[in-house]
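A.B. asks: One-letter residues, chain by chain:
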Amino acid sequence: MGKVKFGLHFQRGQAGRFVPQGNITMSSSYLSGIFGKSPIKPLQEHMEKIVSCVDELIPFTEAVIAHDDEARAKHHLNIVTIENEADALKKELRLRLPSSLFMPIDRRDVLEVLTMQDMVAGSARDVAGLIVGRDMQIPDSMADGYKALVKRCIDACHKAEDAIRELDELIETGFGKLERKRVGKILMKLDVIEQDTDEKQIVLRGKLFKLENELHPVNVMFLYKVIDATGEIADRAQRVGSRLQLMLAR
Amino acid sequence: MEFSLWYLGLAAAFGLFMAWGIGANDVANAMATSVGSKALTIKQAILVAAVFEFAGAFLAGGQVTATIRKGIIDASSVESNPELLIYGMLAALLAAAVWLLVASRKGWPVSTTHSIVGAIVGFSVVGIGVDSVHWSKVGTIAASWVVSPMMSGILAFLIFMSVKKLILDKKNPLKNARKYVPYYIFAVGFILALVTLLKGLSHVGLDLSYGQSVIIAIVCGFITMSIGIYAIRKIKVDPELDADFRFGNVEKIFGILMIFTACGMAFAHGSNDVANAVGPVAAVVSIVKTGVVAQKSSLATWILLLGAIGIVLGLATYGWRVIRTVGKNITELTPSRGFAAELAAASTVVIASGTGIPISTTHTLVGAVLGVGIARGIGALNLRVVRNIMLSWIITLPAGGILAIIFFYLLKGIFYNGPAV
Chain A
1 MGKVKFGLHF
11 QRGQAGRFVP
21 QGNITMSSSY
31 LSGIFGKSPI
41 KPLQEHMEKI
51 VSCVDELIPF
61 TEAVIAHDDE
71 ARAKHHLNIV
81 TIENEADALK
91 KELRLRLPSS
101 LFMPIDRRDV
111 LEVLTMQDMV
121 AGSARDVAGL
131 IVGRDMQIPD
141 SMADGYKALV
151 KRCIDACHKA
161 EDAIRELDEL
171 IETGFGKLER
181 KRVGKILMKL
191 DVIEQDTDEK
201 QIVLRGKLFK
211 LENELHPVNV
221 MFLYKVIDAT
231 GEIADRAQRV
241 GSRLQLMLAR
Chain B
1 MEFSLWYLGL
11 AAAFGLFMAW
21 GIGANDVANA
31 MATSVGSKAL
41 TIKQAILVAA
51 VFEFAGAFLA
61 GGQVTATIRK
71 GIIDASSVES
81 NPELLIYGML
91 AALLAAAVWL
101 LVASRKGWPV
111 STTHSIVGAI
121 VGFSVVGIGV
131 DSVHWSKVGT
141 IAASWVVSPM
151 MSGILAFLIF
161 MSVKKLILDK
171 KNPLKNARKY
181 VPYYIFAVGF
191 ILALVTLLKG
201 LSHVGLDLSY
211 GQSVIIAIVC
221 GFITMSIGIY
231 AIRKIKVDPE
241 LDADFRFGNV
251 EKIFGILMIF
261 TACGMAFAHG
271 SNDVANAVGP
281 VAAVVSIVKT
291 GVVAQKSSLA
301 TWILLLGAIG
311 IVLGLATYGW
321 RVIRTVGKNI
331 TELTPSRGFA
341 AELAAASTVV
351 IASGTGIPIS
361 TTHTLVGAVL
371 GVGIARGIGA
381 LNLRVVRNIM
391 LSWIITLPAG
401 GILAIIFFYL
411 LKGIFYNGPA
421 V
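Sequence lines, in order, name chains A and B. Start counting the first sequence at 1; every next residue gets the next number (our numbering). Start counting the second sequence at 1; every next residue gets the next number (our numbering).
No lab work stands behind these hints, which were simulated from the structure alone. These figures come from a predicted structure and were not determined experimentally. By construction, the Cβ of each residue, glycine as well, lies at the ideal position given by its N, Cα and C atoms. There's no promise every hint is true.
To be verified - Below, simulated DMTMM-like cross-link-like pairs (lysine to aspartate or glutamate); rule was C-alpha separation at most 25 Å, straight line:
id, chain 1, residue 1, chain 2, residue 2
1, B, K328, A, D168
2, A, K41, B, D169
3, A, K147, A, E92
4, A, K181, B, D244
5, B, K171, A, D198
6, B, K179, A, D168
7, B, K175, A, E169
8, B, K171, A, D168
9, B, K170, B, E79
10, A, K189, B, D244
11, B, K328, A, E92
12, A, K41, B, D74
13, A, K41, A, D106
14, B, K165, A, E62
15, A, K181, B, D131
16, A, K177, B, D169
17, A, K74, A, D55
18, B, K171, A, E169
19, B, K165, A, D198
20, A, K185, B, D131
21, B, K236, A, D106
22, A, K185, A, D198
23, A, K37, A, D198
24, A, K41, B, D207
25, A, K185, B, E79
26, A, K41, B, D244
27, A, K177, B, D244
Stated by the list, open to error - For the chain A half of the interface with chain B, some residues (derived, Cβ under 10 Å), not all of them:
id, residue
28, P39
29, I40
30, E70
31, A73
32, F102
33, M103
34, D126
Claimed, not checked - Partial selection, computed: residues in chain A whose CB lies under 7 Å from chain B:
id, residue
35, F35
36, G36
37, S38
38, P42
39, L95
40, S99
Isolated chain A (complex conformation) (with noise of 0.2 Å):
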């Protein structure tokens, strides 16, 4: 009797979700739920929402550049607005996911997929919050370069959205070996640039180290701890990427 009045308090919760338009009264709607919700929508939505934000890091460095105050005030509420959106989003999506759902992919899984997505949104975060936060200046001389170090760690961001975009392939091809194989090269591509973001880094380290002598050293600490964090953003993004691969290889 228990299990069965269970079902039925269960019933109860699915209407409540599923609202079936015009008046009927009479349904046996308990088909259709046995399709619980699939985390791959929400997660691939979450993903795109971290992207945006940290899309929103070239206007901000520019404008850092540019010297523009106004600008970079603008980008960084837009980029704590973003990432303010999709931590809501991380929080329905933890939510939906009760354990007694049958899922293709390892529930534990997603759930750290989703945490590492949320932390590349925290760096990028970082980043310009180090940057308003002591209203700092990036030398000339390093200027190109910085743009260029962001510029790329936006580009592990991308390449990580396309790998969690594959999750729809994948599901759909039941995590066949070919489509498996896809998601691996576009990780792989996302390990390269990853490696050249670090190598930027160490280009840059060595642009600050000659200027360590005109610098205040306060800002010139800060400074590597800028470069530090926008590194970070990409670091992050290739985590994303190996727990996926975690996830396929399952």
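The hints should help you fit chain B onto chain A, whose structure is shown.
C.D. replies: For chain B alone, kept in the frame of chain A given last:
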């Protein structure tokens, strides 16, 4: 026999009511997957359901009807009082129909098959005696309720794996879909035709040998296949469809396939579930006509026709709305998996129909969906709901039984004036 006209009238009325209930509620479960995956529009689904439910009930419904009618109860136990069986069968019909109505209103997952079998076993144990039930047969039926979802699950798993290997996991899935989908369409036509021909058609005056049946079934397979090939050729590739999701056009081809499996599903459902309504009617009619509990007499064609008409009536008056509702809520199933689930379920149900075993179409379909899920083909399945559906018989069997016992004593009190039993 006294009150014969009453008995016949009540049997026809209750049978029609039950068939109406099946058409109004049960058919939706068979059709909703096709509507949900957008392989069929609501209108097309109703048309398909009407035609193929009718065909399945009329052409292939005989075996299960025979089981419901005379397979569960041992006729020799009521030889001296054939009226008891009449009351019992009428009570079982009413009980199952009422239970179906109540449960559907509440949104509980019930199976008409479980209701009617529970009702028949219930009234015969209490009203006639424990020995009056063919327990071995009931045991077989109960076992089949476990085996049938498992079998269709395994079938669905294999079908989906074959789709994966042959079509989806290939360099050019579209080309492979055009190449291989016709064979699946062949399978639909072949299996349905074969089971029907092997078991069903003597009552419409067709008696075929095994060899003849196979040959005709192959011909049927080829006919459906060529219709399918024609439909697939007419599909235009829409590059925009593949822009975001690379399998959009492939799914369109599976959509054609799903039209055929939807027909198969409706046919299978009709062939198995019509018996739930007309089996008891047939039992009553044969007792009234002969005055004895005849085991040999064959099934009158008009009875199957009554059931078939009842189902279509239920569909036309109410079922279409339920199909729309359920279909709207099933959005996560694309045609490539919907077809695999339907083909597996329809094959399993049709085979059960051919062997005369009443099984639950819904359970079989749920088993098939689970099979596709195990092949990693479905984004998310709600195991809690699956469990609730699968366990629903725990309450449906006794509910049908108890209701049947109440109605049995009611009818006996009204009509019975023979010796006390």
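A.B. asks: Against this structure, judge whether each hint is valid.
C.D. replies: Hints and how they fare:
The straight-line distance between the Cα atoms of K328(B) and D168(A) is roughly 21 Å, inside the 25 Å bound, and the hint therefore holds. For the proposed pair K41(A) and D169(B), the alpha carbon gap of about 21 Å is at most 25 Å, so the pair holds. Straight-line distance between C-alpha atoms of K147(A) and E92(A) comes to about 34 Å, which puts the hinted pair past the 25 Å bound. Taking the CA atoms of K181(A) and D244(B), the gap is near 19 Å; set against the 25 Å cutoff, the hint holds.
Annotation: proposed proximity of K171(B) to D198(A) is violated, straight-line Cα distance about 35 Å (limit 25 Å). Distance restraint check for K179(B) and D168(A): the Cα-Cα separation of roughly 24 Å lies within the 25 Å cut-off, and the hinted pair is therefore satisfied. Proposed proximity of K175(B) and E169(A) is supported: the alpha carbons are some 17 Å apart, at most 25 Å. Using a Cα cut-off of 25 Å, the hinted pair K171(B) and D168(A) holds, with the two alpha carbons roughly 17 Å apart.
Distance hint between K170(B) and E79(B) is unfulfilled; the C-alpha atoms sit about 65 Å from each other, more than 25 Å. A C-alpha spacing of about 20 Å is found between K189(A) and D244(B), which places the hinted pair at or below 25 Å, so the restraint holds. About 23 Å separates the Cα atoms of K328(B) and E92(A), which keeps this hinted pair within 25 Å; it holds. Using a Cα cut-off of 25 Å, the hinted pair K41(A) and D74(B) is violated, with the two alpha carbons roughly 56 Å apart.
This hinted pair checks out: K41(A) and D106(A) have alpha carbons roughly 16 Å apart, not beyond 25 Å. Distance restraint check for K165(B) and E62(A): the Cα-Cα separation of roughly 50 Å exceeds the 25 Å cut-off, and the hinted pair is therefore not satisfied. A threshold of 25 Å between alpha carbons decides the hint, and for K181(A) with D131(B) the separation of about 63 Å lies outside it, so the pair is violated. Straight-line distance between C-alpha atoms of K177(A) and D169(B) comes to about 7 Å, which keeps the hinted pair within the 25 Å bound.
Among the hinted pairs, K74(A) with D55(A) is consistent with the structure: their alpha-carbon atoms are about 14 Å apart, no more than 25 Å. Restraint check: the Cα-Cα separation between K171(B) and E169(A) comes to about 13 Å, which is no more than 25 Å; the hinted pair holds. Of the supplied pair hints, the one linking K165(B) and D198(A) is violated, its CA atoms being roughly 41 Å apart against a limit of 25 Å. The suggested pairing of K185(A) with D131(B) is violated, with an alpha-carbon distance near 69 Å, which exceeds 25 Å.
With a CA separation close to 37 Å, the supplied pair K236(B) and D106(A) exceeds the 25 Å bound. A C-alpha spacing of about 20 Å is found between K185(A) and D198(A), which places the hinted pair at or below 25 Å, so the restraint holds. About 39 Å separates the Cα atoms of K37(A) and D198(A), which puts this hinted pair outside 25 Å; it is violated. As the CA atoms of K41(A) and D207(B) are separated by approximately 54 Å, the hinted pair breaks the 25 Å bound.
The straight-line distance between the Cα atoms of K185(A) and E79(B) is roughly 76 Å, outside the 25 Å bound, and the hint therefore fails. A threshold of 25 Å between alpha carbons decides the hint, and for K41(A) with D244(B) the separation of about 13 Å falls inside it, so the pair holds. With a C-alpha separation of about 20 Å, the suggested pairing of K177(A) with D244(B) holds against the 25 Å cut-off. Among the interface hints, the one on P39(A) holds; its C-beta lies about 7 Å from the nearest C-beta in chain B, closer than the 10 Å criterion.
Interface hint at I40(A): satisfied, since its Cβ lies 6 Å from the closest Cβ of chain B, which is below the 10 Å cut-off. Interface hint status for E70(A): violated, as the beta-carbon distance to the closest one in chain B is roughly 36 Å, over 10 Å. For A73(A), the interface hint is violated, since its Cβ never comes within 10 Å of a Cβ in chain B; the closest pair sits about 35 Å apart. Contact between F102(A) and chain B, as hinted, is supported at the beta carbon level, the nearest pair being about 4 Å apart and thus within 10 Å.
Checking M103(A) against chain B: minimum C-beta separation of about 5 Å stays under 10 Å; hint holds. Because the closest C-beta pair between D126(A) and chain B is about 32 Å apart, greater than 10 Å, the hint is violated. Contact between F35(A) and chain B, as hinted, is supported at the beta carbon level, the nearest pair being about 4 Å apart and thus within 7 Å. Satisfaction of the interface hint for G36(A) is found here, the shortest Cβ-Cβ separation to chain B being roughly 4 Å, below the 7 Å cut-off.
For S38(A), the shortest C-beta to C-beta distance to chain B is roughly 3 Å, which falls under 7 Å, so the interface hint holds. With 7 Å as the threshold, the beta carbon of P42(A) stays out of range of chain B, its nearest partner Cβ sitting at about 11 Å, so the hint is violated. A least Cβ separation of about 14 Å between L95(A) and chain B goes past the 7 Å threshold, and the interface hint is therefore violated. Using the Cβ-Cβ criterion of 7 Å, the hint placing S99(A) at the interface with chain B is not satisfied: the shortest such distance is roughly 9 Å.
In terms of the numbered hints stated before, the structure departs from hints 3, 5, 9, 12, 14, 15, 19, 20, 21, 23, 24, 25, 30, 31, 34, 38, 39, 40, listed from lowest to highest.
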